[in-house]
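This note's numbering runs 67 ahead of the 1-based position in the sequence shown.
Calculated from the structure, these hints are not laboratory results.
For each label pair, taking beta carbons as the anchor points, the in silico distance ranges come out as: (1) Gly282 <-> Leu330: 18 to 28 Å; (2) Ser277 <-> Gln227: 19 to 29 Å; (3) Ala275 <-> Asn143: 44 to 54 Å; (4) Ile341 <-> Asp319: 27 to 37 Å; (5) Leu264 <-> Asp316: 34 to 44 Å.
Even glycine gets a Cβ: it sits at the ideal position worked out from N, Cα and C.
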Amino acid sequence: MAKCGFIGMGIMGEPMARNLLKAGHDLVIWNRSASKTNALADEGAVVVGSPKEVGENSDYVFICVTNSGDVVDVINGSEQVHGLSKGLRPGMIVVDHSTISPDVTREIYADLSDLQVSLIDAPVSGGDKGAIAGTLSIMCGGDEDSLQKVMPLLESMGKQITHCGPSGAGQTVKLCNQIAVCINNFALAEALVFCTLNQVDPAVMLEAISAGAAGSWQISNLGPQIIQRDFSPGFKVGLQRKDLHLAIDAADSVNMPLLGTALVDRMFAVAEGIHGSDAGTQALITALEQLANTEVKSSS
68 MAKCGFIGMG IMGEPMARNL LKAGHDLVIW NRSASKTNAL ADEGAVVVGS
118 PKEVGENSDY VFICVTNSGD VVDVINGSEQ VHGLSKGLRP GMIVVDHSTI
168 SPDVTREIYA DLSDLQVSLI DAPVSGGDKG AIAGTLSIMC GGDEDSLQKV
218 MPLLESMGKQ ITHCGPSGAG QTVKLCNQIA VCINNFALAE ALVFCTLNQV
268 DPAVMLEAIS AGAAGSWQIS NLGPQIIQRD FSPGFKVGLQ RKDLHLAIDA
318 ADSVNMPLLG TALVDRMFAV AEGIHGSDAG TQALITALEQ LANTEVKSSS
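Generate coordinates for the entire structure from the input sequences, incorporating the hints supplied.
Here's what the structure looks like:
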């Protein structure tokens with residue numbers, strides 16, 4: 068069994084780390100808010116005091132934090148925290164599951180290469196349900212040889228694991244995923260509001276279209292939550308907007324306008340104003356409801 072370290076015990080990170088533990092691997096963990104390590108500590112994980120100590124006690128280190136700056140801080144450290152890079156040894160592999168800038172990923176890859184450490188960027192899709200079930204889609208960038216070494220570990224957390232290309236390619240594909248997801252979410256919201264205004268039960272509409280060409284993960288998972296007025300997060304509005312801004316910035320660098328993505332980001336801004344950044348992305352519906360002066364809910 069492998070000696071694994073995991074940094075970041077959020078909605079995604081904790082269940083992903085738990086699946087490594089369930090697979091029988093040794094697990095060392097660290098989180099900025101120490102209280103979030105308690106559950107896994109009770110299940111057998113070893114809690115340490117810094118990212119550096121995670122590196123010192125692992126052969127493979129997994130990171131799942133919020134943004135580019137957080138990943139840089141975890142690796143380089145700060146005045147308060149000793150960084151992961153201080154605990155790494157030649158031959159180790161770091162896997163970053165965070166969704167961050169492809170450019171920042173390539174910079175980290177170069178820095179770790181100087182230490183003879185490999186970096187795999189491996190952002191994920193599938194929400195908290197996929198993280199819990201171990202059925203995530205994992206989009207990987209980096210060296211093929213390093214990816215093959217960690218593949219058995221990734222298979223504890225994901226079902227679809229794709230090598231997308233060199234360093235940064237995993238992040239690029241994740242941003243493609245977020246573009247498609249957010250516009251699909253917006254289309255679902257429009258359909259639900261349109262349906263409601265035309266006095267058709269939205270639950271009936273969802274049942275009818277989910278088996279046809281419109282069927283999607285969004286319709287099957289977020290649709291029922293919307294009509295039940297359940298805006299609890301599988302993925303948070305604030306994180307969705309962060310990812311959309313990454314995509315828009317990356318598109319700007321190649322002179323491509325993401326018109327639909329920019330529009331949906333503005334609608335998410337309205338939803339964030341209503342519900343806050345911790346609401347689930349299905350709360351996007353409320354921005355359209357406000358424009359249409361209606362509320363989507365099942366009549367059955």
